[in-house]
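Peer 1: Residues per chain are reported as follows:
4 protein chains.
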Amino acid sequence: MGTGGAPSLDGLGAALLASGTELTTVAMRRYSPAESGSLFQLLVDHGIRILPNTAGCFTARDAVMTAELAREALETDWLKLEVIADEQTLLPDAVELVDATEQLVNRGFKVFAYTNDDPVLALRLENLGATAVMPLGAPIGTGLGILNPHNIELIVSRASVPVVLDAGIGTASDAALAMELGCDAVLLATAVTRAQNPALMGEAFKHAVIAGRLAKAAGRIPRREHALASSAMEGRAEFL
Amino acid sequence: MGTGGAPSLDGLGAALLASGTELTTVAMRRYSPAESGSLFQLLVDHGIRILPNTAGCFTARDAVMTAELAREALETDWLKLEVIADEQTLLPDAVELVDATEQLVNRGFKVFAYTNDDPVLALRLENLGATAVMPLGAPIGTGLGILNPHNIELIVSRASVPVVLDAGIGTASDAALAMELGCDAVLLATAVTRAQNPALMGEAFKHAVIAGRLAKAAGRIPRREHALASSAMEGRAEFL
Amino acid sequence: MGTGGAPSLDGLGAALLASGTELTTVAMRRYSPAESGSLFQLLVDHGIRILPNTAGCFTARDAVMTAELAREALETDWLKLEVIADEQTLLPDAVELVDATEQLVNRGFKVFAYTNDDPVLALRLENLGATAVMPLGAPIGTGLGILNPHNIELIVSRASVPVVLDAGIGTASDAALAMELGCDAVLLATAVTRAQNPALMGEAFKHAVIAGRLAKAAGRIPRREHALASSAMEGRAEFL
Amino acid sequence: MGTGGAPSLDGLGAALLASGTELTTVAMRRYSPAESGSLFQLLVDHGIRILPNTAGCFTARDAVMTAELAREALETDWLKLEVIADEQTLLPDAVELVDATEQLVNRGFKVFAYTNDDPVLALRLENLGATAVMPLGAPIGTGLGILNPHNIELIVSRASVPVVLDAGIGTASDAALAMELGCDAVLLATAVTRAQNPALMGEAFKHAVIAGRLAKAAGRIPRREHALASSAMEGRAEFL
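Protein chains in written order, with the numbering used here: chain L, 1001 to 1240; chain S, 1001 to 1240; chain P, 1001 to 1240; chain G, 1001 to 1240.
Incorrect hints may appear among the rest.
Stated by the list, open to error - Covered, in the sense of this in silico footprint (three residues per stretch, anywhere, with C-beta under 8 Å from a C-beta of chain L), are these stretches of chain G: (1) 1089–1100; (2) 1118–1131; (3) 1147–1154.
None of these hints come from the bench; they were simulated from the model.
Ideal Cβ positions, reconstructed from N, Cα and C, are used throughout, including at glycine.
Working from the sequences, and respecting the hints, build out all of it.
Peer 2: Written as structure tokens, this is what we have:
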């Protein structure tokens, strides 16, 4: 779960715990040990791993600088790499992202690359050494869900690294769908922090992720164009 | 959870328990105490309520007769009323359904009416005294999910009785969506009994229903056409 | 094309001509020969057939009375039968519709039955003698398009009478889709009369209906999950 | 209209004429003046402009070489730039595409860039000097239509150069939708050449493009969640 958009630290803490998350992202641009000390401690206490991110960076150069600061401040080489194109769409910039990934991998970072839903770009990021790819479902904060499930499925089918759906999720069923499409995890922020009841929504997502993961493993029935006459119609001897 | 389509009684029992269901339906047409004794006992042991259904009935007359047999055999006046139009679509027949509901309510049955997704018909069934309305998401056994969420939402918004989504569900995210649309419960059969691993899928649905119910209660964020610039962009002093 | 919702008679006339429609509906409840004389004449002049409708009727009894008035006033036994359930949803009432269709067919009317998208009801109306069935794509005036293409396709696949998509259409592509699903025609009102430029939108729909009809006849390519390597990749000798 | 996938030259010619196209693409990799002479003449005779493409190129280097060959052979500096990532998905490679666009613009080509549906990449291609951007609706040859209308709308809203929807279109309503989303044109190949009746399908698309363009200009009605009580309900004195 991400930490963006939370109106208060108290609510954020409760939502993080309710969601059962194992990892949270923190924007380095706004990181202030003084202000954020209590939340930081809460994360440590509950074994929630911190993934610093480069939110607000528009170029590979900015992202690399921010990453180095993060590594020093938080003593981790894990990094959620965000390189966005502009403030209106907040969409990733493919060219800068490729450049930044290459540099950061060379500098020894474990790069979790926030990307669009282009299957070609996702595979390229993996080939450059990204630790995980994080395609968006829809633009950040829209809550539109997964606009193009076809692409997410294609990304998953070709990936050897974990695929984490990031951005766009609005409600629990979106997260379940992401897992059913084969994603390994879901990263949430606004959908939880700006829900009317963030703690309750955090819990909803916890169950949704479990539901989707189990359903994927359980092997769903195929979609059929026509009704399936139940066995009762076919005269088989059975309970129903 | 329904019991239709299960290839074996053993698997069915495991799936029923995994799903955490509180109620199961049993087709009277195929009910045989001798064959089904062990499953019946399992239901009793775990406090799972039995809802006999009129699967295979094409007319109000048939349905009423079947209902009376069910009441006698299973000692319950609860009834899932199914009156279908034909064996190809397995879709409910609105006219016969209305007729049957009226008769059965007058005979003292608690009618759970399996209906199409027409908001007008759902309200009429309630006004005739149905205990619950059970609109379909898609034709039985298709696994197509909820083809017309708009109608389900409309049914819920006008109902005073419980709304249970019945038929069409294929996987966990469909069930979560049903709950998010405001349904009170979901009835499953094929999606669990014909999954590759029914017990695992039963558990998936248990979490999906919880997830959808919590998400509905938690109040989801609104859908937005455009990205929501995170707070970091707006210069607010905060953790992220 | 219908005539509902037009802010002025002048614009309505232009839109009717631009759409190339062969038939228009007129609500009997508001029919006033004095006021509507000029439009009526325009219809006659251009060979556009008038189909009186029973808009505003809530019961079979009302609809039959209105139909008889229409037959007398407009000297036609063609009738668009609308029996709606309430003023909020404007959705058809299945039970009253069946009743009214039966009565009107017996009285010699050619009944064009406005219905929901329930395939069972559509077939029942046909079996009762309806001349055409007119399923909705979405509730009247919503412009939501065809909410459940699966049902429309099912209605078409089983119908022997013409199927006319009525209500819900918002723009040209919706009408093209209706024809591709196999509908024989499309009935429009709000989508044209309340467009910013009704005459232009009328012309748009004319082309959309032609496009959809031709595409249906031409036999579309199948949908494929994966890209189709173009012939160039397979080494066939050809122009491309 | 493109020329890919046509089983015969005769059918292709008929389809091209029926579609009313003003421009067609030709793959340079397979271009053979001897074989293709008659079709080439047909294009010239009907004033259909030829847009050579770089189909089959996987790198910027290949694409630039192919482009130079095309300019020499066909005496045009117009070029449809395709740089795909692999033969399985046939999806564009963002990085190579950016590189190739830059080089080709510098060499004086008018670049029509075939791209994915990423709004950031589309804008970057325009900023590099592309004459037009050609986002895909879905992978080549799938006929899945426009998988992410939200992205296409975003691309259009920010573009100053023409936007031509390319790839993925399956049938007429898809093309109408593309125009309604604001595209300036649609490029077709498989959807026409592999339809059961290519000439008829070509004509269908001609009307669909007109329909969508007119509908966009005419200003569609807004989508509404609830039925719009027709004027008849509001007591206004009018024809209907």
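Peer 1: Would you mind marking each hint as holding or not holding in the structure?
Peer 2: Hint check results:
1. 1089–1100: With 7 residues closer than 8 Å to chain L, the region 1089–1100 of chain G meets the three-residue bar; holds.
2. 1118–1131: holds (count 6)
3. 1147–1154: Contact hint for the region 1147–1154 of chain G vs chain L: holds, 5 residues under 8 Å.
Taken one by one, the earlier hints all hold for this structure without exception.
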